[in-house]
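Those protein sequence lines, which keep their order, are chains A and B. With this note's numbering as the guide, the letters of the first sequence map in order to residues 448 to 666. With this note's numbering as the guide, the letters of the second sequence map in order to residues 448 to 666.
One should not assume that every hint holds.
Derived DSSO-like pairs (lysine-lysine); straight-line CA-CA distance at most 30 Å [what the hints assert, rightly or not]: (1) Lys452(A) / Lys553(B); (2) Lys648(A) / Lys616(B); (3) Lys464(B) / Lys553(B); (4) Lys654(B) / Lys618(A); (5) Lys452(B) / Lys635(A); (6) Lys635(B) / Lys554(A); (7) Lys654(A) / Lys616(B); (8) Lys464(A) / Lys450(B); (9) Lys648(B) / Lys452(A); (10) Lys616(B) / Lys564(A); (11) Lys452(A) / Lys471(B); (12) Lys450(A) / Lys572(B); (13) Lys554(B) / Lys648(A); (14) Lys564(A) / Lys618(B); (15) Lys536(A) / Lys654(B); (16) Lys536(B) / Lys572(A); (17) Lys654(A) / Lys536(B); (18) Lys511(A) / Lys564(B); (19) Lys564(B) / Lys464(A); (20) Lys648(B) / Lys450(A); (21) Lys536(B) / Lys452(A); (22) Lys648(A) / Lys450(B); (23) Lys554(B) / Lys635(A); (24) Lys450(A) / Lys553(B); (25) Lys616(A) / Lys572(B); (26) Lys572(B) / Lys564(A); (27) Lys553(B) / Lys506(A).
Just so you know, the hints here were simulated from the structure itself, not pulled from any lab data. It should be emphasised that the depicted structure is a prediction, and the values quoted were computed from it without experimental measurement.
Protein chains: 2
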Amino acid sequence: MEKEKILDAYNFRHACKEFDVEKKISEEDFKFILETGRLSPSSFGFEPWHFVVVQNKDKREMLKESAWGAGPKLDTASHFVLCLTLRPKYMRYDSEYLDDFLRNVKKLPENVIGMMKGFCENFQKNDFDLNTDRAILDWTTKQSYIPLANMITSAAMIGIDSCPMEGFKQKETEELLGTRTFGIDIEKYSLSYMVAFGYRKNEAPQKIRRPIEEVVSWQ
Amino acid sequence: MEKEKILDAYNFRHACKEFDVEKKISEEDFKFILETGRLSPSSFGFEPWHFVVVQNKDKREMLKESAWGAGPKLDTASHFVLCLTLRPKYMRYDSEYLDDFLRNVKKLPENVIGMMKGFCENFQKNDFDLNTDRAILDWTTKQSYIPLANMITSAAMIGIDSCPMEGFKQKETEELLGTRTFGIDIEKYSLSYMVAFGYRKNEAPQKIRRPIEEVVSWQ
């Protein structure tokens, strides 16, 4: 692939504040965007994420109250995604979930599973000091920013705009997701971020970044 | 750009365990990879990262002791990158650093700066409960996983392999980086991850991911 065209997509992408309500993303294109999320890597390959696409207008309306930064996106996005991340109970090195995941999803042999869990125990307890629930959740959530980047960049590569959002009251929003209306298991999942997709209504503002000399040094 | 070709890159990418020492990434290609990191988005646009490319053999050797997962990559990667993330002192809503950043890098007008800092204060204190140094650092580090994803995916798009790593003792490695040899200001920066780039020595193993039905649900 051509570097210039790839960089064009990086320059095309911006945090789109409002989408053109007349333009919807095709099923094929949105499937492609999700696929780049699905194929994303994660620490130990645990894929600790689940994406909920909220298309129902009433539900989008309900999200506005606690998602102060999402209003115009909830109103205008072609597709609106919530990224859920597995909670510590599932992500601790000795969890039943990971045991099942390594055995039945990754289909690893028993000796490799034992080895990986050993690495993971040492990593969580010692190397990265993941000794509280909050620390484990934050580590898990970091992983979910990988599919975020991949989905918004890949969308830009096919001319689709996006807006990632952390602008929501996390606790209140999770409580809403736990109600019967949404029916999400918030004992299992935390809400990492929201991300909207569609086609821009207005021109993008000028992109400003620090120059490369300030971003990179060599040794 | 063609969706099929983009997905080919996602399938090409894997955590490359060992690189072909005979093959080096061209300056132009590596500049391109770094550029996709530089152009990555981040919460509030704070760009809280700095990349150190470690090419010196002796320094790579020194990293091995605390970076248990990096050995063969340190030995064989064409380019080896450390991602540093700004510490809480710099990332709190009322820090001098952010004030300067918004004023002199982003060149925002005073009223917008005031508004953004207000949003940021509320976000950190209330919405996301970033009320400890650890929580702020973890939030900052999440942002750094966005350029990580972009760099490894973009590398794959031009046929370059990579391996992101969390396999290091964080505290010990940061202490090493703070020595005169590396000279990194570890009062300012934390080490988020390492990522190696090069050309694979061996074939990639089969990629295994949960099926899309388990990754996505619709409402």
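Review point. Hints broken by the structure, by number, lowest first?
Key: 2, 3, 4, 5, 6, 7, 12, 21, 23, 26, 27
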